[in-house]
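If you read the protein sequences in the order shown, they are chains U and P.
Residues 1 to 283 (full-length UniProt numbering) make up the first sequence, in order.
Residues 1 to 234 (full-length UniProt numbering) make up the second sequence, in order.
One thing to keep in mind: the hints can contain errors.
When the alpha-carbon atoms are kept at most 27 Å apart in a straight line, the in silico BS3-like pairs for lysine-lysine are as follows [unchecked claim]:
(1) P:Lys229 / U:Lys135
(2) P:Lys78 / U:Lys132
(3) P:Lys78 / U:Lys138
(4) U:Lys150 / U:Lys111
(5) P:Lys81 / U:Lys118
(6) P:Lys81 / U:Lys135
(7) U:Lys17 / P:Lys229
(8) P:Lys15 / U:Lys17
(9) P:Lys78 / U:Lys135
(10) P:Lys15 / U:Lys111
(11) P:Lys228 / U:Lys135
It is worth saying that the hints were derived from the structure and are not from the lab.
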Amino acid sequence: MDNTIEVKGMRKVFGRKTAIEQVTFNVEKGEIFGLLGPSGSGKTTTIKILTGESTQTDGDVNVLGMDSTRFGSSDFKSKIGILSDNSALYERLTVHDNLKLFCKLYNAPLKEVDVILKEVNMEDERTTTISKLSKGMKQRVLLAKALIHKPKLVFLDEPTSALDPGNAAQIHRGLQKLNEAGTTIFITTHNMEEATELCDRVAFLNNGRLQELDSPGALRYKYSTHAFHVETFSGKRLVIDNEPENAGQIKELIENGEIKAINTDNPTLGQIFLKVTGKELVS
Amino acid sequence: MNVQRISAIFEKDMKDFMRNITMLMMPSISIILALVYNGMGIGGGEDEYLIFTIYVIVGVTFSAVTSVCMVTMMAEEKEKKTLRGLMLSPASFVDIITGKSLVTGLITFITLVISLLIIGFEPLLNVRAMLGLILMFLFFLMLGIGIGLFAKSVAAASAYSMPVMFLFGFTPMIELFGLGEDSIAIHIAGVFPIMQAVELHDTNSWLPLGIIAIWVIAAALFTYICFKKTRTDD
Ligand SMILES: Nc1ncnc2c1ncn2[C@@H]1O[C@H](COP(=O)(O)OP(=O)(O)O)[C@@H](O)[C@H]1O
Ligand SMILES: [Mg+2]
């Protein structure tokens, strides 16, 4: 299997505080990998280590076939894109001037500026000064900045946490398109819908420890009770276990035309997170 | 070093400078000071105070323009978090600093030329004096970069730069305090870069240039240490 990120026994200590403890995982080439955890669980710290903004106290970290000692090289830097709280734009300059700068720094052709502005739906704001943009628009320019050099791997640290659903959905569509074109995406979030919708696989991070790692579908199946939840026209809600001896009961409900809705138990990632960690994803 | 990246940063910082009212004000300080001295009848001719006055103007330009430009650019990039974006790009620290230094160098050069045209520049037209100016430019440049990187915010950077600028930029002013020739303060001030540059005109020795070069090395070390702390969050 072709892994874009390989992390083994990663630990990060700040003074007396351990932020990351024995974290091990791989991110496969071409997937959208989600790191889920409440605030303070170590998501940003993990991204910083993977991008070379911070160094692990212990453990092996390998990204794009390079170990962490090479994260300062321009070869590494030109292959990754980052959007995080630490991303910022030059407020006094225009959208175009900002992107032009990064185009040149990454040695990308200048025509990419207009291509990427179209991708993030900002071509009309081309000559607008950054300080005049709304939060959602700024975030889209930041995304454009992170993608302008067509990185193989993109890190997104809670990219939509400050955005309204409309702006978030727009970013989600952009990320899906990007992924279809072959880009590997590493995203952190505490938004379970975002993770369910976007991610091929998710990992739960709680107090710096990794607790589950699988596809959202597999996790939902694993933590499902597999019972049928039935709502009848008379307003009753029944939970019927998925056992052969209950087949008669369900058959009877169907024959009597009583069923308004029938579903299998399918917990959300948020509910699963609560079950696994005893903690709400969003407090 | 990468010419394309340096020119990208130069272009960006030049545009940013032109839209920054505070920064645009700084060069006017030395030019106004030159006009004031000129109005007082100093400069222009064979005035005995000419060299002293020239170095007051040079000190003010290097501190208020060179250092303050660098401090403000670096501190603002840090405070607004844009520096991280540059550092995460393939641009090296040397590319970033060189691009910014070229902007600062250009503004310094223009300011100095205008101010010295007003007050007079003949005493500077020799190799030693020119070398002295270049070394002092490097000193004030790196001092500015270091302070900008060291400070956590633009406000803190301005606060730190004030005393440092007065100390190094306004050193010749100590003569106006009426301290005795043997006072310790005068002796200490005597080895400061600007005073060594004044000294150059009283001697044929290259020693003052050597002393200024030591100041440049010290400033470079200070900048390097501050840079090391900026790269990661550890
Ligand atoms: N530079 C730092 N110094 C000390 N502690 C830190 C530092 N960065 C993060 N931490 C601590 O590490 C833990 C994880 O933080 P973080 O990775 O930012 O969490 P998240 O991004 O999931 O909200 C927190 O308890 C935080 O206080
Ligand atoms: Mg975070």
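Hint check results:
no.: 1; hint: P:Lys229 / U:Lys135; result: violated (30 Å)
no.: 2; hint: P:Lys78 / U:Lys132; result: holds (21 Å)
no.: 3; hint: P:Lys78 / U:Lys138; result: holds (19 Å)
no.: 4; hint: U:Lys150 / U:Lys111; result: holds (13 Å)
no.: 5; hint: P:Lys81 / U:Lys118; result: holds (26 Å)
no.: 6; hint: P:Lys81 / U:Lys135; result: holds (16 Å)
no.: 7; hint: U:Lys17 / P:Lys229; result: holds (20 Å)
no.: 8; hint: P:Lys15 / U:Lys17; result: violated (43 Å)
no.: 9; hint: P:Lys78 / U:Lys135; result: holds (20 Å)
no.: 10; hint: P:Lys15 / U:Lys111; result: holds (21 Å)
no.: 11; hint: P:Lys228 / U:Lys135; result: violated (32 Å)
Comparing the model with each earlier hint shows violations of hints 1, 8 and 11; every other hint is respected.
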